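Asker: These are the residues of each chain, in order.
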Amino acid sequence: MSQPVAPVRHVLIEGNKTYHQITEDLCSPTEKVPSREWVVAFAVSAAFLGLYIFAITWTVWKGIGEWGSNRTINWAWDITNFVWWIGIGHAGTLISAILLLFRQRWRTGVNRAAEAMTIFAVICAGQFPIFHMGRVWLAFFIFPFPNTRGPLWVNFNSPLLWDVFAISTYFSVSLLFWYTGLVPDLATIRDRASGFRRKMYDLASFGWTGSAKHWQRWESLSLVLAGLSTPLVLSVHTIVSFDFATSVIPGWHTTIFPPYFVAGAVFSGFAMVQTLMVITRKVLHLEEYITINHIESMNKVIVLTGTIVGVAYLTELFVAWYSGYIYEQFAFYNRVFGIYWWAYFGMMFCNVVSPQVFWSRKIRRSVWWTFFLSIVINVGMWFERFVIIATTLARDYLPSSWSYYSPTWVEISIFTGTMGLFFTCYLIFCRVAPVVAIAEVKAILKVAGSQYIGKNATVKRSIPDQPTIVQAKSNPEDSGFHGA
Amino acid sequence: MHHDNGIWVSADDLMREESFLQSAEKEFSVDNVDQTDGKWETNRRDFLKLLGFGLGAATIASCEIPVKKVIPYVTKPDDIVPGVANYFASSFVHGGDYCALLVKTREGRPIKIEGNTLSSLTRGGTSARAQASVLSLYDTRRIQSAGRINAGKVEPMEWPMLDREVKSKLASGGQVRLITNTIISPTAKMALKEFTDKFPNTRVVTYDPVSSAALLAANQQCFGTRAIANYRFDRADVIASFDADFLGTWISPVEYARQYADKRKMRGQRGLTMSRHYQIESHMSLTGSNADNRILVKPSEQGAAIVALYNELSGSSGGPKVNDKAAADIKKMAADLRNARGRSLVISGSNNIMEQVIVNKINDLLGNVGTTVDFSAPSYQRQGDERDMVTLINEMNSGQVAVAIVWGANPAYELANAADFKTAFAKVGTRVSLGGTIDETTNLCTHAAPAHHLLESWGDAEPKAGYYSLIQPMINPLFKTRQAELSLLEWADSVNLNRQDAQPYYQYLKSTWASDMFAKQTKYSTPTAFWDMTLHDGIFEVPAAAGSTVFNGAAAIDTNAVTKPAGTEVEISFYETVNIGGGQYAHNPWLQEMPDPVNRTVWGNYLNIPVEWNGKDEINGWKGLTDGDNVDVEVNGQKLTCTVVRAFGQMPGTVSIAIGAGREMGGCGVGYGVNVNPWLTLEGGLVQYAAKEAKVSDKVGEDKHYACVQHHHTMGVTAKQTSDGQTINADEAALAFQGSLTKRSIIFQTNLKDLQDLEEKLEEFHAEAEHLNAQTLYPSTADYFGTGMKWGMYVDLNSCIGCGACQVACVSENNVPVVGKKEVKRHHEMTWLRIDRYFYGDLENPKVVYQPMMCQHCDNAPCENVCPVAATTHSMEGINQMAYNRCIGTRYCANNCPYKVRRFNWLDYTTADTWPANEERVFRVEEGDKPFYADNLTRMVLNPDVTVRSRGVIEKCTFCIQRIQEGKLTAKREGRALLDNDVRSACQTACPTGAIIFGNLNNPESEVNKASQRAGALAYKVLEEINVRPAVNYSAKVHNSNEELYS
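One line per chain: the protein sequences are A and B, in this order.
Note that the numbering used here gives residue 44 to position 44 of the first sequence, counting from 1, and the numbers run on in steps of one.
Offset between the second sequence (1-based) and the numbering used here: plus 484.
The shape of chain A in the complex, shown without the other chains:
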């Protein structure tokens, strides 16, 4: 039988879905009574969010002195967490923007959740630059606004100011992009809803009717925003790296930081996407939308970026030695063998060694391995930022001022608390919006049309408890995942 579609295109959505099934599958989590898993997870997250609010209130009330930072190590967990969270956000933007431009159509399965993750991660990240300020009530000083103090302007030389612009731009563009994608899907939910709920979704979907003109504009806007987001993937973490690279402190003052930070950000971001997706697809029964192929593709990104990061680590060491500059050499010697050696080796193991197991196809396609390693990588990337920040500061130019840092309960609470903030947001998101982009998934449903032709067409529904069918029609050997 001749096939009407090219054989190179393969199934992206498994289970021989119909369009209606997709709507059903993806809208239902927002329409049903929450599952027990969700309720428990939400309760735990909300509790941590409560802890976060308590610890932040404590800090603002009593002073930064409640933290463990000191005259030598003025930044520690605060900025470590900031960079960590910002890095995590990068995967969402990369998936939605860069992969869109690269026509990686598999991205539609994960982009919505990844973008949501970006936004929530940036929200978490944004807490730290604000609340690490000694006088947070004057935080508005960092905005260049007309004022009666001279006018007193901000310092455009300061990388911290660049941060303000970079992060606020990043947040607004990401939010727009994400919400734009949500509009048709919210309209879909609206159409299925009634009463108050319908009213709310109507409001949220901006009166979307699905007319051709709407779709045309929507497509254009999405493309424009993707174009805007693309440089942001590179610029945001570059600017974050400037917080360190433009300083005079040996160990911070290096030109390698921008690419190294971006690679690390994508690396940690994909790890976090994996962590979330592995749970989400299981809990919300979305295995057919977020497939093993997705997981494998992302693992490929992880092994690539992890290796880039590894090369960066080694390059740093080489350059420190090659520079012949005593302070630089000492800074890196100290990083590896100094007081925080365990953080360095933790970082090396988690970020460079552990992802190498993904060269094995079997491990790459294992949900358990993926989940475990995604956690390991997230830990490793946290260590990386801690190593860069605290270890460097602890041993700088003047030995007389060398010091040691360990966190107090307040800092630990704030960090774990931002996890609560993040997951609370994510869980609410799961309940109010489809975690997979309905409209976009529908667009790629039939890229490989073979599943709907001939005898295959007899399979009308996806039946999760009949996995044989699913498996037969989505032979991994035929994977269309050329990406990553």
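No wet-lab data here; the hints were simulated from the structure.
Honestly, I wouldn't trust all of these hints.
[Unchecked claim] In silico SDA-like pairs for lysine to any residue, Cα to Cα no more than 25 Å straight-line:
{"#": "1", "chain 1": "B", "residue 1": "LYS1183", "chain 2": "A", "residue 2": "SER406"}
{"#": "2", "chain 1": "B", "residue 1": "LYS1305", "chain 2": "A", "residue 2": "PRO407"}
{"#": "3", "chain 1": "B", "residue 1": "LYS1227", "chain 2": "A", "residue 2": "GLY68"}
{"#": "4", "chain 1": "B", "residue 1": "LYS1306", "chain 2": "A", "residue 2": "PRO407"}
{"#": "5", "chain 1": "B", "residue 1": "LYS1100", "chain 2": "A", "residue 2": "TRP342"}
{"#": "6", "chain 1": "B", "residue 1": "LYS816", "chain 2": "B", "residue 2": "ASN1235"}
{"#": "7", "chain 1": "B", "residue 1": "LYS1227", "chain 2": "A", "residue 2": "GLU328"}
{"#": "8", "chain 1": "B", "residue 1": "LYS1227", "chain 2": "A", "residue 2": "PHE318"}
{"#": "9", "chain 1": "B", "residue 1": "LYS1227", "chain 2": "A", "residue 2": "PRO407"}
{"#": "10", "chain 1": "B", "residue 1": "LYS1306", "chain 2": "A", "residue 2": "THR408"}
{"#": "11", "chain 1": "B", "residue 1": "LYS1188", "chain 2": "A", "residue 2": "TRP341"}
{"#": "12", "chain 1": "B", "residue 1": "LYS1306", "chain 2": "A", "residue 2": "GLY68"}
{"#": "13", "chain 1": "B", "residue 1": "LYS1007", "chain 2": "B", "residue 2": "LEU602"}
{"#": "14", "chain 1": "B", "residue 1": "LYS1245", "chain 2": "A", "residue 2": "ILE326"}
{"#": "15", "chain 1": "B", "residue 1": "LYS1188", "chain 2": "A", "residue 2": "SER406"}
{"#": "16", "chain 1": "B", "residue 1": "LYS1100", "chain 2": "A", "residue 2": "TYR333"}
{"#": "17", "chain 1": "B", "residue 1": "LYS1227", "chain 2": "A", "residue 2": "GLU316"}
{"#": "18", "chain 1": "B", "residue 1": "LYS1188", "chain 2": "A", "residue 2": "TRP342"}
{"#": "19", "chain 1": "B", "residue 1": "LYS1227", "chain 2": "A", "residue 2": "LEU317"}
{"#": "20", "chain 1": "B", "residue 1": "LYS1227", "chain 2": "A", "residue 2": "TRP341"}
{"#": "21", "chain 1": "B", "residue 1": "LYS1494", "chain 2": "B", "residue 2": "ASN1526"}
{"#": "22", "chain 1": "B", "residue 1": "LYS906", "chain 2": "B", "residue 2": "PRO1162"}
{"#": "23", "chain 1": "B", "residue 1": "LYS1204", "chain 2": "B", "residue 2": "LYS1237"}
{"#": "24", "chain 1": "B", "residue 1": "LYS1204", "chain 2": "A", "residue 2": "TYR333"}
{"#": "25", "chain 1": "B", "residue 1": "LYS1306", "chain 2": "A", "residue 2": "ILE326"}
{"#": "26", "chain 1": "B", "residue 1": "LYS1305", "chain 2": "A", "residue 2": "GLY68"}
{"#": "27", "chain 1": "B", "residue 1": "LYS1305", "chain 2": "A", "residue 2": "THR408"}
{"#": "28", "chain 1": "B", "residue 1": "LYS1204", "chain 2": "A", "residue 2": "PHE337"}
{"#": "29", "chain 1": "B", "residue 1": "LYS1306", "chain 2": "A", "residue 2": "THR57"}
{"#": "30", "chain 1": "B", "residue 1": "LYS1227", "chain 2": "A", "residue 2": "PHE337"}
{"#": "31", "chain 1": "B", "residue 1": "LYS1100", "chain 2": "A", "residue 2": "SER406"}
{"#": "32", "chain 1": "B", "residue 1": "LYS1183", "chain 2": "B", "residue 2": "GLU1096"}
{"#": "33", "chain 1": "B", "residue 1": "LYS1305", "chain 2": "A", "residue 2": "ILE326"}
{"#": "34", "chain 1": "B", "residue 1": "LYS1204", "chain 2": "A", "residue 2": "ILE326"}
Predicted model, so just to flag it, every value in this text is computed and none were measured.
With the hints as your guide, set chain B onto chain A.
Answerer: Frame of chain A, contents of chain B only:
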């Protein structure tokens, strides 16, 4: 209502209607206006009115700011211009500690201590103790009135009542004893004499918290004068000090430091000379840390070491033997001393009479008597003899003493036999304390007759024969206290006291000076003119003509009468610290928070243990102990738990610990450290600052508040590698790799004989740095700062002895908050100026370089460009400025400061916040007190010219910008250009050795420029090559070691 006047207002009125009458009763009532049917109904307008009023009232009430009234002068005092400081000459006298002062007062309250440059003894230098004395004026623990003492509290009494009671006891005819520390005031001695004349059964018993009784006794034997010699360190080319900490604590350190530094300053020419200083000790004292050579002997070997030198010089033999290495070294030292005949000086801190006699004999043998050791102007700064206290204790025990008066002493804490004293003291019927706080002794007294603080007192001082100075009050007494001398005169019913006068003791003092001092001079013809000028200058010096001092040949030398080496495993020595002394200064928070110069710890005393080198790559504490470990130490059968600090330069087989800590009552020093006075022993009645055996346990715990401001101590100490016997950089072997520390451009040092090498090396370094720094896209900063003022500093590391006076001066001048031990432990100290201390040289017997480190005011400041809100900027005069109000506290500037001099207000240390809920972790004198700075009395010490910083902002050294401003205004007002001397920073004026010079770098004639030029290539900038372009020049440290000692 009745129409008495025949006027009616309406028909109703005329008709006298009932309803009208009722309403007219309530003329101003509004009842009927809105009343309908007898029910209340609020209409809309009223509701809005009420709402508006309620809201407004509530808002206004809640916005109310507490009113603090500023009361203007109704009649302005002639001498006080609000906002302009007045300086009055006075003196710092505490026991035998002395310093000539100028006291800065603002609006009638003293806020800062400066040195009096007219004094030829201290020459404008000060000590940390003198600097901090202004804070103790505002001590909240001061006794506020006379009274009876009951259970640690003073039950207030009026002075006449107290006088009546005390006088009746005195008149009872029993024995009277007056316990004092050294008194150097001639007028006070006159008052004392009046008192003893009136009550002839009185004896004055004098002891010193840290005794020099043996030295006094030896001088009596050898020179016929019971006084301290007039030492001339400025004439000594070779100095040998046997455990005498003459730069830090011994007799008159400010005076000696200046003399010493005069012989140590680099003049910038080759072939220059400097003195050579040997220190023979076991524990590294401040003086030892400045020595060119330290010879390590155990505490019990001090006598043997002195004998070794004596034998070497006199050609005799006999007496105990010192360890072999020290014996060989002393031999070489003796050669040096002999070569500098008449230009050398040997001193000893020993409290053994024979040892001091031998030291005197050594000086005689070296021809120093009459040159560097002379008695033409002997010092009276130590007069005490603790043997008298033993007698006194016996007398008290036997019940002979009816009245004991304690004046300025605290024997219940300070004595080695304090326990005996306490028991005996309780047997005295009437015990009167003239002390200012409820300390250990005052607490045991029956009556408190609190004396004024120094800054409220009149007085005079004669620290050295012929060198007089005056003490004048800076402020009216804050409390109902009374001058101590006046109390004595009052009790003695002195006839010379003009009781009608408002200030009887002032008149008394003045008449003494008119009768005694006036005659000693010829310059002024009337006593009044003489008095006025002397009071203005603060000092009056009539040095005796250099008489001939002759060593009494009859003084017998018995080399066997010295302390015998103990031969025990571990010996312990006890030393006085620069800051809290023998405990007299323990209740001053500024001094407590000033790090010990050598081991850099604060708030308490720590057991110094030796460090050990494992021959390969580890520097460990003795017994595997480390900083902050607790150990049990048993000395003379008494066990105490001490916290350990690893101390470089501590001789193996010895440990040491400071006295003066572990105070039990009286102020903020209570509860910090351990009181080791019970460990002191008396030998022949003389207290010994060492014990022959200390049993140190293994680690028994940890001090979780161990507070030390510097964790890494060394700058590349060297040691032998076991494997090949090579001398390697042990510090770097333990830390990272060879060169990782010593190649840093922080400290440069050399031996005098290798000076040329260092100069060449530094020239190369300067050229390299200049080359690196020239690689820039930006125009040279010289363009910005080439004209007008450009402030800069020069710090002479060769003069800096690390005494810490500058640090306390900075705290005082700039309102730098005290944060307390727990916060220092967390490295939250706020000091703007710190003195970094680095050990270098031989690991077991290292040398020290002190480096005062403050904001370097970089022209290419890394802190400035990273601040997002431009809170820290560069002034046109080259000053790195902080705008506290703009600071939001991101702390990036502090991270990016290569010198780590920026300080962040982690908590509300100054209670400047209007948010008292956050004050629980800030410093308090005692738990349960209100925060230290929340007390209005304490706040009186604040400098009104300097902003008190609130929580959450960064602060740092401003180069005393308020002084710069003041100098500029003075010059402007006087219509002249700013002179070099118009602006002097607080650290500069405090320094006893002139190590810090501040001024205008654009003025080629300024001292700061001239000093940098004199130093030539030796002048360098810390981290010169990283292109931050600091404004502070340091000069390399040059020592003058005898390298034969290391062979």
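Asker: Straight-line Cα separation of B:LYS1227 and A:GLY68 no greater than 25 Å?
Answerer: violated, 31 Å
Asker: Quick one, are B:LYS1227 and A:PHE337 close enough, alpha carbons at most 25 Å?
Answerer: holds, 20 Å
Asker: Taking only the CA atoms, is the gap from B:LYS1183 to B:GLU1096 under or equal to 25 Å?
Answerer: Answer holds: B:LYS1183 to B:GLU1096 is near 17 Å, not above 25 Å.
Asker: Hint check: B:LYS1188 vs A:TRP342, CA-CA at most 25 Å. Holds or violated?
Answerer: holds, 24 Å
Asker: Holds or violated: B:LYS1227 with A:TRP341, Cα cutoff 25 Å?
Answerer: Since the Cα atoms of B:LYS1227 and A:TRP341 sit roughly 23 Å apart, the hinted pair holds (cutoff 25 Å).
Asker: For the pair we were handed, B:LYS1007 and B:LEU602, check the Cα-Cα distance against 25 Å.
Answerer: Holds. B:LYS1007 to B:LEU602 sits at ~17 Å (cutoff 25 Å).
Asker: Check the hint pairing B:LYS1227 with A:PHE318 against an upper bound of 25 Å on the C-alpha distance.
Answerer: Within the cut-off at roughly 20 Å; holds.
Asker: Between B:LYS1183 and A:SER406, does the CA-CA distance stay at or below 25 Å?
Answerer: Holds, because 23 Å separates the two Cα atoms, which is no more than 25 Å.
Asker: Decide if the proposed pair is consistent with the structure: B:LYS1245 and A:ILE326, CA atoms, cutoff 25 Å inclusive.
Answerer: holds, 17 Å
Asker: Against the 25 Å threshold, does the CA-CA distance of B:LYS816 and B:ASN1235 hold or violate the hint?
Answerer: Cα-Cα ~18 Å, so holds.
Asker: Would the hint linking B:LYS1305 and A:GLY68 be met if the CA-CA limit is 25 Å?
Answerer: holds, 15 Å
Asker: Take the C-alpha atoms of B:LYS1204 and A:PHE337, compute the straight-line distance between them, and say whether it is at most 25 Å.
Answerer: OK: B:LYS1204 and A:PHE337 at ~24 Å, within 25 Å.
Comparing the model with each numbered hint stated earlier shows that hints 3, 9, 21, 25, 31, 33 do not hold.
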